[in-house]
Amino acid sequence: MKIIKTSWTYMRRSPYQALAAIITMFLTLLLSGAFLLMSVSSAYILRYFESKPQITVFFNDKSAPDQAKSLTDSLNSTGKVESIKYISKDDALSIYKEQNKNDPLLLEMVSADILPASLEVTATDPKYLQEFVPFIQKAEGVEEVVYQKDVVDALISWTSAIRLIGAVLAGLFSVDALLIIMTVIGMKIAIKKEEVEILTLVGASPWYIRMPFIFEGGLYGVIGAVFSWSALVGFVFWMRPILITFLGSIPTFRLLLINPFGTLSLLLVGAFLGILALIGFMLGSMGSLIAVGRYLKL
Amino acid sequence: MIRFIQVSKQYGKNNKALANISVEISDGEFVFLIGPSGAGKTTFLRLIIRDILPSEGEVFVDDWNINTLPSSKIYQLRRKVATVFQDFKLLPDRTIYENVALGLEILGKKDTAIQKDVGDVLDLVGLSDKHTMFPVQLSAGELQRASIARAIVGGPTILLADEPTGNLDPETAEEILAILQEVNKIGTTIIMATHNVSIVNDMKKRTIALTGGEIVNDEQKGKYHFPKKHSKSHEPKQNKDGEDKE
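Residue numbers (the numbering used here), protein chains in the order written: chain H, 1 to 298; chain Y, 1 to 246.
Be a bit skeptical, because a hint or two may be false.
To be verified - Derived Cβ-Cβ restraints for the label pairs, each shown as a range:
#1 H/L278 to Y/D120: 42 to 48 angstroms
#2 Y/A140 to H/R13: 25 to 31 angstroms
#3 Y/V136 to H/S14: 18 to 24 angstroms
#4 Y/E214 to H/W207: 36 to 42 angstroms
#5 H/G171 to Y/A140: 54 to 60 angstroms
#6 H/G270 to Y/K110: 31 to 37 angstroms
#7 Y/S71 to H/S14: 28 to 34 angstroms
#8 H/G270 to Y/N167: 54 to 60 angstroms
#9 H/G171 to Y/S128: 53 to 59 angstroms
#10 Y/G108 to H/G293: 20 to 26 angstroms
#11 Y/G119 to H/M239: 56 to 62 angstroms
#12 H/S265 to Y/G119: 51 to 57 angstroms
#13 H/G293 to Y/P92: 26 to 32 angstroms
The hints are simulated quantities; they were obtained by calculation from the structure and are not laboratory data. Where a beta carbon is used, it is the ideal one built from N, C-alpha and C, also for glycine.
The following block holds chain H by itself, in its conformation from the complex (with noise of 0.2 angstroms):
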């Protein structure tokens, strides 16, 4: 508790090193944290969609019962199918309805006429899928035939690139912030030189000397934190409506999208919180440490 509260007066004193630190450390953190999450949720959106053994069919408007019935026998008759399951164009409306039961403006601009039926078929084993792919794209009155391996391979690579770029970026920024605590905290001790002199005489030990200088990067990377994590959290309140067209068809996403404030979303929002707020304590200590290994000779 001593050593927060002299941490603290020492970030006080100092006001524009202490703001260039947070600031530095806020868009660390606010980068590493945007990559955090879309990395999180793309991993989750890859997983759901390689969970699916499922070809999605899309028919034509005119001719959508009746091709869909003799395909479904058609793929039946293979012994491989697990389940068909048809949308009609109505159905398809009553799905849509739900998923933007909460945007009138999107339900208003929708009607059944405009979304296509389906078929969404399930393979007993996800290697059958790629069997059915050739077969079903040649079937009349077929206009697209969805296959996740498709969605998968795009997601794959998307997220294998959003991993890469977030990493580069993450680790340039964090090197900057290690830098910059690294000075601020530097010019602190060498400010505190004649305190640390007065603390060596009457027997402070080492570590009581080095303690608040550490906690005091610390601090920089929990504020940082917290501001990114206000403005993280924020933006992705402010988009949800957006989100929810997007994702809302993957169930997590639903739930935690619609219910932003149900006990889930605060649990998931609130390790966020804690993760973010740990990399900034280890960052900002860390920086810290090697001033006070630097500068800090007692």
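Assemble the complex: chain H is given as a structure, and chain Y must be docked to it using the hints.
The following block gives chain Y in isolation, referenced to the frame of chain H:
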């Protein structure tokens, strides 16, 4: 107990601050360290708190050999050997209470214990009514009393005072001496470097005279004087307040 065994200290190539000194100071003694500027008094004190290392010889504080004491344990020595400085060395951004409490905070004492002990020590030095003030608001005498309070609050066994009355008027200097005597009465060894002739002469305590880095006189109930061969050049001329003119 403090023991210097054939201790020499040299700064640079030609500047010898102490030359082959051997001396022993027992527990509970009150010792004056006298001598002109540059005689080696401060070097003597700095060696005891291991602020510097001897060039030759050995310094012992109780069982600790200063020469071999690892850097990581110096703070333990300094908790046992407290120092009062001529320039007080108080933290300007902390109140008198906080400055004194520092001596206990570094020991990891609890707030309630700190409150009690600091209160007691401030009573002893007569600063109870000024504990909320900052150093800049106090007189030199009060600052020195605060500095003594910080030094003794942790209960050191040895107290070094490097010219603690150097910046003070005679009356205040006597007050400081009275406090140091009180501290000595409870068993704390006191080593006080001073130029103040009247204090040394009045107190009649053990007096070690240093000149040119050598001990030229060491006597119980001593006075401020040097043996004849040194007295002419080194004994300070007294002004009417008892302070030397150097």
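How the hints compare with the structure:
1. H/L278 to Y/D120: 42 to 48 angstroms: 43 angstroms, holds
2. Y/A140 to H/R13: 25 to 31 angstroms: 26 angstroms, holds
3. Y/V136 to H/S14: 18 to 24 angstroms: Hint holds: Cβ distance 20 angstroms, inside 18 to 24 angstroms.
4. Y/E214 to H/W207: 36 to 42 angstroms: 40 angstroms, holds
5. H/G171 to Y/A140: 54 to 60 angstroms: 56 angstroms, holds
6. H/G270 to Y/K110: 31 to 37 angstroms: Since the Cβ atoms of H/G270 and Y/K110 sit about 33 angstroms apart, the hinted range of 31 to 37 angstroms holds.
7. Y/S71 to H/S14: 28 to 34 angstroms: With a Cβ separation near 29 angstroms, Y/S71 and H/S14 satisfy 28 to 34 angstroms, so the hint holds.
8. H/G270 to Y/N167: 54 to 60 angstroms: Given about 58 angstroms between the Cβ atoms, the range holds.
9. H/G171 to Y/S128: 53 to 59 angstroms: 57 angstroms, holds
10. Y/G108 to H/G293: 20 to 26 angstroms: Distance hint for Y/G108, H/G293 holds at roughly 24 angstroms.
11. Y/G119 to H/M239: 56 to 62 angstroms: 59 angstroms, holds
12. H/S265 to Y/G119: 51 to 57 angstroms: Holds, at about 53 angstroms.
13. H/G293 to Y/P92: 26 to 32 angstroms: 28 angstroms, holds
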